[in-house]
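Make a model of the complete structure from these sequences and hints.
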Amino acid sequence: MAHTPTEQQREAIMTIDRHAAVTAGAGSGKTRVLVERYLYLLSQGVKISEILAITFTRKAALEMKERIRAGIAASNLPPSLLNEFNQARISTIHSFCQRLVADHPRQAEVDPRFRMAEEWESRGLLYQVVEEQVASARADQDSEISALAESYRQTSAFIDDLVEIYERIVSKGERSFAYQDQSDELNSEIVFLRGELLMRIPAWLEGLAEIKLSESKQKTTAEIRRLFSDYRANLAEPVRSEQELLAELARLFGGSWAKDLKAEVQELRELCSLLGQRLYDLEANQILLKLGALLTAVDQEYQRRKKELGILDYNDLERLAEKLLSSSEIDQIYQFRHVMVDEAQDINPVQKRIIARLTDNPNTKLFVVGDPKQSIYRFRGAQVEVFMELQQEIAANGGREITLGDNFRSRPELIAFSNQFFEQVFAAGGMNFAAANPKRDRTNTPLVSLIQTPISETLIESRAVEAEQIARYIRKLVSEGDYSYRDITLLFSTTTHVGIYERELHRYQIPFVNLSGRGFYQKPEIQDIISFIKWLQDSADEVSMVCVLRSPFFAVSDEALYWYRNGRLELIEPEDLGKIEDAHRLYPELQRELAMLPAPEFLDKLLTATDFCAHTLALPMGEQRLANIRKLQETSWQLWAKSYVSFKEQLHYIDQLIEQQGREGEARLDSETADVVTIMTIHGSKGLEFPVVILPDLAGQAVRTERGRLHYHLDWGMTIKDTSLHQQIKAVLREEAVAEAKRLLYVAVTRAEEQLVLCGIGTEEDYNLGKPLEQLGSWWEWLLLGLEQIEPHLFQLVPDLDAPLELAEETAAAAEAPIAKTVSSAAVPEHYTAASFSATSLMIYSLCPRRYYYRYLLRVPELGAFGPSTTVSSGLDPLQRGNIVHRVCEHLHTDPDPNQLLDWAIAMEGITVSQSERQELEEIVDRYLNSDYFQESQRMKVDHEVEFAVPLDQFLITGMIDQVIYTDSGLKIMDLKTNHIAPDQVEETAASYGMQLRIYAWALEKLTGQAVIGAGLYFLFPDRIHWISADSLDTAATERWLLDACCRIQKSERLEAEAFPAAENCAHCPYDCRQLEQTRISFAEITAGMGKLPNK
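Taking this note's numbering as reference, the numbering of the sequence shown is continuous, increasing by one, and the terminal residue is 2242.
Just so you know, the hints here were simulated from the structure itself, not pulled from any lab data. A hint or two may mislead.
Stated by the list, open to error - Straight-line distance between alpha carbons at most 30 angstroms, and here's what the computed BS3-like set of lysine-lysine pairs gives:
(1) Lys1622 - Lys1585
(2) Lys1867 - Lys1318
(3) Lys1436 - Lys1917
(4) Lys1669 - Lys1725
(5) Lys1680 - Lys1794
(6) Lys1205 - Lys1622
To be verified - The calculated label-pair distances, taken between Cβ atoms and stated as ranges, are:
(7) Arg1321 - Asp1912: 46 to 52 angstroms
(8) Arg1259 - Gln1873: 47 to 53 angstroms
(9) Gly1724 - Leu1605: 42 to 48 angstroms
(10) Gln1873 - Asp2043: 57 to 63 angstroms
(11) Ile1601 - Arg1850: 20 to 26 angstroms
In this text the structure is predicted, and so the values were computed from the model without any measurement. Glycine included, each C-beta is placed from N, C-alpha and C at the ideal position.
Okay, here's the thing in structure tokens:
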């Protein structure tokens, strides 16, 4: 570790003889503890294969791997562990589940070729299915579903609630959506209550004859008598009428009655209310039964669609992993001595059951690290109670509970403020709050600043003033020289009002990047491109036309646009007129290309024809804008691969994404150290730390309560607003939401290392702070209430800040300057940043830089198999044959029965084979089993699927080697290939993979320090091995090529495709232009009826 472990850290590291639950506060060094514990286990003789480590994010897994690898290299541990470490099981829970399912597709009953759906893809599909099922129910005149849908202002809100409930149910690992019918119990109670009412009200009315009532009560009694008579006469009427009469009777029984009548009247009132409630519950019961059936239909159709597309979502992975681990046969394969789980406060019940399966062996020790105060993923199904249960179970089974209370992240002044504030916040929530112990030096100055904005007429106006104050404060911090823009991060609880703050940052010329997951498609450069496409689709769309002409595409002045729209061309300045003429010249050509080309290819044409990237680069924050454009290109290719071919289809998808508030953040700049302010959500900041943290909009609503008529609770199930069940869980739902809001604020505050800035609207006089904290509506109110108990020297109020003197001058100068001058991308300063390259990507680059550009920069899906192929004698498709045989070979080391494997592989391909085809497949597998290569590998030590990540200067080279064979002379590499080729094509095909093998040899030698004496390709179908020449194993030469290639790629990434020249021999390239041409659509079909650009 970078410092000597504390006593508590040492205890966490060295307690390996029993289970342990560690509560790790913010900044307590838990990642270091996890790394050191892993290294300590190795030093105690535990094998790498006997350790499983689960992290919350892929980034955390990679960081942990890198630290452990460095720790092994720097320690006295055997160097051979570096090679074995490539097989280390360190991943997220979902990556572990995915690997588990992929390794056992037959038992999981999934296609081995499944892929993980993108979050937007699976959620979009779910929305589509729910919309279709609701529409179908309404079309079938389902009165309950129709009435419920109509009770919402918008059907989309009803759809949102159904999607959320579905996702919450499946997050528990359940697939049962049926609602338990309670009609028998409710009808019995209703019959009893009606009998009571029919007996007691007449008796009460009869007893009134002997009591003298006031004139007003006589009128009330007469009204009760009349309504009760109507009630008895109309009992056969619909339930709704009965409810209305009971509500009116309950109202009349209210008010002030004589003392001797008061008790009985109160009972009658409660009886009317209770009967009315039970009638409403009965009505809701029928709706919930229909909803259960609807959600069942949704699930069935959603599962069918996913299977059809060959995709799985995260809930599928968890469910299938739990199912697989319940099999004793598979469970035996995943026996670990030590299981380590990071961020355990955010696991859900299914994940807890998976962990329980992995640790059910008495010899397996579980080590969990978490912090209940940082559990903030309730909306994803995480339950902090799960971690607390784990802690209790570990303690009950003789395990050890450890607390890491030291904070190595924040200054003591920040920690003191946090301790004093959150001691009050958590006091009423039933959560034990332990104060953190600071470990850094004091500054003896207030490090918490409050930006207090006066209340304006509207909250929007107040937010705008607050945003301006924040922008001024940032300018002040940077101008004083203590901080750079990159040191400052704005954290938002929601992204609803982020745009207000972005505008002020723009106005004050503060560079920033928004990583909050919202707003990408609203960025000006993205909107400009979308407007251009909409204008090309409809020449009468004047709004889009004006947007395009005044954008960096043409930069026409507003005055020129005015005269252009009014047909007064003679009044337009020559420079503007030339730009308009350019638009006229380009319009028909681009309109034709839009109709003929697939969307991503047209986007390349549009950007090239207009030089839009160069114009955009010249604008403020040009690099960020350019990165966003590149991201749009990449997204377009990804959509194209999912059959969104034309821009009409892609724009429809984008509109849906925006409507569903899909999360799509801005593109990251090449370097994470770019000097820009970062905007992100608090959820996105989890696990991170920043020198200066600014928390805007604290006066916004802190607690997000349940909305709409439908509600769901993980323990109580589904209910409808105002039912008896809803009234019971309403307080529980509120309590849970408040607790989550407390934890979210704690995470936000504890991200700060040097300074914390809290921003809100109004003073103590503007709020009613006499209520308990849980009843206050905003974090700002919590803060104002808590400041009374915090030592005054720990915080300071920021005075009103004037605009920087240079701002007005800069703004004026910017207004007078041309909108954008062309700047050559080649003029951008050359620099190389940290980046990761896979061995496969570098192999592709060595074969054809243009192919690399398409595949890895634009993310264009490959259209066909690479390399030569040949036809076969039977009718079995070559690709199908390759898939079947590869599946068998991949699983021979775990399932030695080739015939059983072959049956399964054929079934997984979804085909039937003839007797002759079956015989041919058996012969191929038999040849493999009897090959010298297979026999040799059976006799020697072989590692399968060896992953590597080897640093090279500022780059990281990654990959996975199929097999590493250990011999007395050194290591051999073998890569399995299923290319369907003839024997005479082996040499030609193998040449294509030469660089990949060279990189594998270099990486393996770097990792193990052992010589690689051979690297070859085993081609299954011709049953041939091809060894590359010994000269190719010159690792020094390979390293020089790698460094040069990585630098050239980074230098060229800012440029267009021309910087990635195409290879001369492209006969077998999957990006053959002729194949791309096949996706073109008939221009005549598309342009029929399409308008033309009018001549003004």
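Hint-by-hint comparison with the structure:
Between lysine 1622 and lysine 1585 the CA atoms are separated by roughly 29 angstroms; this keeps the pair inside 30 angstroms, and the hint holds. Only pairs whose Cα atoms come within 30 angstroms are accepted, and lysine 1867 paired with lysine 1318 is accepted, the gap being roughly 23 angstroms. Distance restraint check for lysine 1436 and lysine 1917: the Cα-Cα separation of roughly 42 angstroms exceeds the 30 angstroms cut-off, and the hinted pair is therefore not satisfied. A threshold of 30 angstroms between alpha carbons decides the hint, and for lysine 1669 with lysine 1725 the separation of about 24 angstroms falls inside it, so the pair holds.
As the CA atoms of lysine 1680 and lysine 1794 are separated by approximately 9 angstroms, the hinted pair is consistent with the 30 angstroms bound. The suggested pairing of lysine 1205 with lysine 1622 is violated, with an alpha-carbon distance near 33 angstroms, which exceeds 30 angstroms. Taken as a hint, the range 46 to 52 angstroms holds for the pair arginine 1321 and aspartate 1912, whose Cβ atoms sit roughly 50 angstroms apart. Checked against the given bound of 47 to 53 angstroms, the beta carbons of arginine 1259 and glutamine 1873, roughly 50 angstroms apart, stay inside it.
Taking 42 to 48 angstroms as the suggested C-beta distance range, the pair glycine 1724 and leucine 1605 conforms, at roughly 47 angstroms. Taken as a hint, the range 57 to 63 angstroms holds for the pair glutamine 1873 and aspartate 2043, whose Cβ atoms sit roughly 60 angstroms apart. Separation of isoleucine 1601 from arginine 1850 is about 23 angstroms and conforms to the stated range, judged on CB atoms against 20 to 26 angstroms.
Hint compliance for this structure: hints 3, 6 are broken, all remaining hints hold.
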